[in-house]
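Enquirer: Chains S and F, in that order, are what the protein sequence lines are.
Here the first sequence is numbered in the working numbering, starting from 1 and rising by one per residue.
Here the second sequence is numbered in the working numbering, starting from 1 and rising by one per residue.
Rather than coming from a laboratory, the hints here were simulated on the basis of the structure.
Incorrect hints may appear among the rest.
Said to hold, decoys possible - Coverage of chain S stretches by chain F, computed from C-beta distances (three or more under 8 Å per stretch; other residues unrestricted):
(1) 32-43
(2) 103-115
(3) 248-257
Bear in mind the structure is a predicted one, so any value in this text is a computation, not a measurement.
For each residue, glycine too, the CB sits at the ideal point set by N, CA and C.
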Amino acid sequence: MGTPLRARLTRALLTEPLRARADALAAARPEGYDSFGGHARGTELGLALTRPLYEAWFRVESRGVEHVPAEGPAIIACNHSGTLPFDAFMLHTDLARRTDPPRTPRTVMDRFVPRLPFFGTLVARAGGIAGTRRNCEHVLEEGQLLVVFPEGTAGIGKPFRDRYRLTDWRVGHVELALRYRAPVVPTALVGAEEQMPTLTKLERFHPFGAPYLPIPATPFPLPVRYHIRYGAPMALHEAYDGDPRDPEVLADAAARVKERVQALLDEGLRERRGIFR
Amino acid sequence: MSRYLITGATTAIGEAVIRALLAQEGTASILAVGVEAVRPTSVEIDGRVRYVRLDLTRERNLRHLMFGPVREHATEVVIDMASHRGVGASGPRARALNVLATRSLLALSEEHPTIRRFVYRGFGEVYAIDSSLPSRIDEAQPLDLSPGAPQWVRDRVEADLTVCTRFGMSPLSIAVVRAAECLAPRAGSQLHDYLSSDVCYRPLGYDPVINLVSIEDLGRALALAAGASAQGIFNIPGATTLPLSEIIRRSGRRQIPVPGPLMTPLYALRRAARGTDFDYAINRGRLHHGAVLDGARARTILGYAPEMPVPFPID
C-alpha cells in the first residue's frame, strides 16, 4: 500500500517492537486489500500516526487485554465519549498493540465517517468499518474481532454532567453475539469524558452527513490519561438459548453488558488518581 | 450435450465465454451472435461454433433467429450479453439494445420449444453504493433507482429487473449474473474508458477499493451459470481488489486528485474536447465509497471462485 517513500516514513515513525508488531499483524491476515478497504500496511500506518497520542498525549494504560479471545469471532463493547472519537482510536490502537496473538480490530465507525475526505480512507485502511449491520455480520462470519460502541453518537455527544453514566445502550451487538456465538468483552475507557467537553451542538449542520456539528470547549483534546479496562468475556449465547431476535432477550442481554461496562467504569474511576494521572 | 446461443459474442467477454463453454464437457454447439459483418476468427475457433450476424434491436431479426437457426440447432441455453459497447451511448438506439432486445429475447425464449435456460449478463454497477450501505454487496443490496441516474445505469437496472421479474413465473430457469467491473475494451466498461486517458482525475481525499474481474473469470462464471440449473441472482466478484489510486498507477496513468465538485466539469470538458465517454455522474458513488461484490452465493451454488487477477497494464 502506498509509495515506498510513505512506507519508509511509516516504518521510521515506529519503534522496533512496534515494527515487529505491525509485521505480526500483517502475517495474521490475508494479503492485499479486504472488502472494507483495510490493508495490513494501513494498520501499520495507523500505529505510526497514533503513537504520539497513545504514548505521549493520552499515555494509555490498559488492563485485562488477556480477556480478549485469541481467536474466533468476538465483540468488544465499550463506552463512548469525548466529543471527538479519540477514545475509539486509542481503543483500536491498544487492541492492535497488545492482543496476544496479534489481532487486527475491526472498529465500527458511524456511517458518515467514510464520507470524510482523507480521514475516512485512513480509518478504513487501518481496519475501521462503516457501521452497517451487514458489515458487522461479515466481520464476525470471518472470525474477526469486532469493536462496537453501543452508545453510538448519543454517547460521544452526551453532556459533561452525564459523564461516566452510560446513555441509551443499543442491542445490535448482543443480537450479533447470540447469532454468531461470539463472546462479548465488556470494556470501559476512563479519561475520554474530560478530554474535550462539548460546548454546544449545532443540530442544523450536518457536515458530510454527520448528525450534528459539535462545538468543543477546547480547541484540542486535553492531555487526560486514558485507562482501559477489559472485563471477562461474556458468553451470552450460553446464557440465552431462545430466539436471538426476541426483543426481550435482546434487552435483557444488552442490559447485562451495560451493567458490566458500568461496573468497569466505576472501578476505573475509583482507581484513577486524577484526570491527568 | 448442451447447445448454446450467445449474444454479444464478438466482445472480448463473449469470446471468453465461448472458450469457457468449449472447455466444458458436453458442449455440442454454440450459436454466436454479433454485429460484425466479417466472420470473426476469434469467435469461430472451433467447428462447434457458428457465427450469426444480427442486429438485435430489430425484433423481426430476433424472431427469425429464434425460430430459424436456434430451433434448427435445438438450442437449450441462451446467454444474453448484448449491450451497447459505447461507454457513453445514450438515446433510444442504446436503450433498444440494452433493454428492449433483452426483453424480446426473454419473451421469445419463453415460448421457444427447445430453450430451457436463460442467463443474463448483468452488471455490478446496478447496485447503489453509499457509506450507509454494506461495503460487501450481496444480492439483496438496493439497486440504484435514483431518478437522477444516467441512462447508462438506468438501462442496466431496467434490463436486470426485466429479467428478475420473471423468476418463478417463467417456464425457463433464469440466472442473472451481476459481475464486477471487467476492464474489457468495447464492452461498455466505464472504468476502462476512464483509464484510457493519460491523466486520470480522482476525487481528492478519497481512495476507495474497487473489485475487478478478469475477462477469463467472467467468461468462466457465465459458462458455469449457463451449465447450472439454479435460478436467481449471482454476484460475480473478481480476484483483484485495489484502491483506485493503485489501479491508475498499475495502468501506467498519471493521477491528479482534484476536489470532488470539480470532477463533473472536468470530465464534461474532457468529453466535449476529446470525445471520450467516461461519465463521472455514473461513477460518483464508487469513486468515493469502496464496495465489493460478495460472491458467496455464486461460490456455493455455481462453484465459482475468482482465480485470475486482472493483468496490468490493461489494453
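Enquirer: Give a verdict on every hint.
Expert: Checked hints:
1. 32-43: Result for this restraint: holds, n = 6.
2. 103-115: holds (count 5)
3. 248-257: Check failed, 0 qualifying residues.
Hint 3 from the list above is the single one not met by this structure.
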